[in-house]
Amino acid sequence: MPEHIAKAFDADLEELTRMVAEMGGLAEKSVADAVDALAKRDVVLAAKVIERDARIDDLQHEIEERAILTIARRQPMAVDLREIVGALRVCNDLERIGDLAKNIAKRVNQLTEEVPPQTIIRGIEHMSALLLAQLKQVLDSYATRNLTNALAVWQGDEAIDSLCTSLFREILTYMAEDPRSISLGIHLMFSAKNIERMGDHATNIAETVHYMVEGHPITAERPKGDTTTLTTVPVQG
Amino acid sequence: MDAVVEKTSQAPVTFENARPKITARNVNVYYGEKHALKDVSIDILENAVTAFIGPSGCGKSTFLRCINRMNDTIPIARVTGKIEIDGRDIYDRSLDVVQLRARVGMVFQKPNPFPKSIYENVAYGPRIHGLARNKTELDDIVVTSLKKAGLFEEVKDRLTDSGTGLSGGQQQRLCIARAIAVSPEIILMDEPCSALDPIATAKIEELMDELRENFTIVIVTHSMQQAARVSQRTAFFHLGHLVEQGTTEKIFTTPEDRRTQDYITGRFG
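Residue numbers (my numbering), protein chains in the order written: chain A, 418 to 654; chain B, -14 to 254.
Hints in this document: simulated from the structure, not taken from any laboratory.
One or more hints might be untrue.
[As the list claims (entries may be wrong)] Here are the simulated lysine to aspartate or glutamate pairs, DMTMM-like style, with alpha carbons at most 25 Å apart:
no., chain 1, residue 1, chain 2, residue 2
1, B, K132, B, E191
2, A, K457, A, E445
3, A, K553, A, D470
4, A, K553, A, D617
5, A, K641, A, E587
6, B, K235, A, E500
7, A, K424, B, D247
8, B, K23, B, D74
9, B, K235, A, E631
10, B, K235, B, E31
11, B, K188, B, E170
12, B, K235, B, D175
13, B, K235, A, D617
14, A, K553, A, E530
15, A, K424, B, D242
16, B, K235, A, D453
17, A, K523, A, D453
18, A, K641, A, E575
19, A, K553, A, E631
20, A, K446, A, D578
21, B, K235, A, D427
[As the list claims (entries may be wrong)] Which residues of chain B face chain A? A partial, calculated answer using Cβ under 10 Å:
no., residue
22, A213
23, T239
24, P240
25, Q246
26, D247
[To be verified] In silico negatives: residues of chain A with every beta carbon more than 10 Å from chain B:
no., residue
27, E432
28, E481
29, R491
30, Q527
31, H543
32, A550
33, F607
Beta carbons: idealized from backbone N, C-alpha and C, even for Gly.
The shape of chain A in the complex, shown without the other chains:
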């Protein structure tokens, strides 16, 4: 695409993309560190995640401000307008991902008393690995405006959802076996659910990329595998 006659307009749009990329990088790091901290019960690493969230929030505000200023200055049309709307949407999803990672990190402090069951931790780590792969692919697709990669992410959330559902069952069973493990179980459950929510945000970003490129939202129904709302485990009376 040729450049704008007003070069400053191109600079504004590039800066928006750069800030979103920076925010994405911080969110990825927070997710990886939060799960790592959970697995190793590392409170120092958890504290770093909590601290980093302030920078993620700041970036969201900066992106919003710049987007609004660009709209006021340039009255953008068509693809330019969609770019700016896209940046606004993506930074919202990244901010939520940052919050969810911070929420996991906060729970690490509650795990210092007992060792969580390793199968469950492995399950959470596996979910996190899948999520980080989705996040990387979707942020790349946003940077390169690559529709194929975005659609792959959009369809790839089922695996994370299914893992979450089976983890739920496992954690419920674990808690049912011993009431003293309930509070630990709850923290693990929330952590798993947080990662599942992050997966949904990644698909939101994919939908935004589709909108930016195609000019209209995806009309099909997204494949989903989260049946945690239906999950129960019989408890011995």
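With chain A held as given, fit chain B onto it using these hints.
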């Protein structure tokens, strides 16, 4: 099944099924050797505002002037193709071009009121076309036209004052009143707001929205934002070609042609 049938027969006349007021097919305009307008075909819908946009020299004003045969006044201009209003060919030999220009009014970029009183500016057209049987009817036409143009309240106590003594925005509204006094069906506007300040511009844009209930309006404009605000349909011209036409929403959000997108996003002039 009955419910479905009933529903469609009561369907309101929406914008989507409005009929074309003006149809142009394969219109070419030559200024001597210069081929200024190339094979333009378009339907202009009734009771809607259609905007013509495009860079300078793209042919949009040339095409506008075809609709009321103003190009006839240019000796070296030659028009080919067909333009019909309500299904009637306007270049047909039997058509009275003076009558055509009463049916198709025009408002120009620089307000050009007659060097007459405000009253006379508006009364002149109806008088020479014999649209009023007596003074009372003429007064009625003048007042109604000034009201429709949103100017009456500001000038009602000074109708004998000179039209040229008004502000730019008021002069332009006087020209609009003058155009609608002869009961046209179509109003052509060639960059009507480019000489006006933002407030006068906003008033004229507001007026366009009211006028389209009773008239078909075609506006040539250099302002993308104005075209997006006032029109329901937009046509993009470039180097004499009609590159793309469609609903204003579509043209300004997801245009089909790369040239349209480049123009509206300011990627070339």
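Against the structure, test the hints numbered earlier, and report the numbers of the ones violated in rising order. Violated: hints 13, 14, 16, 29.
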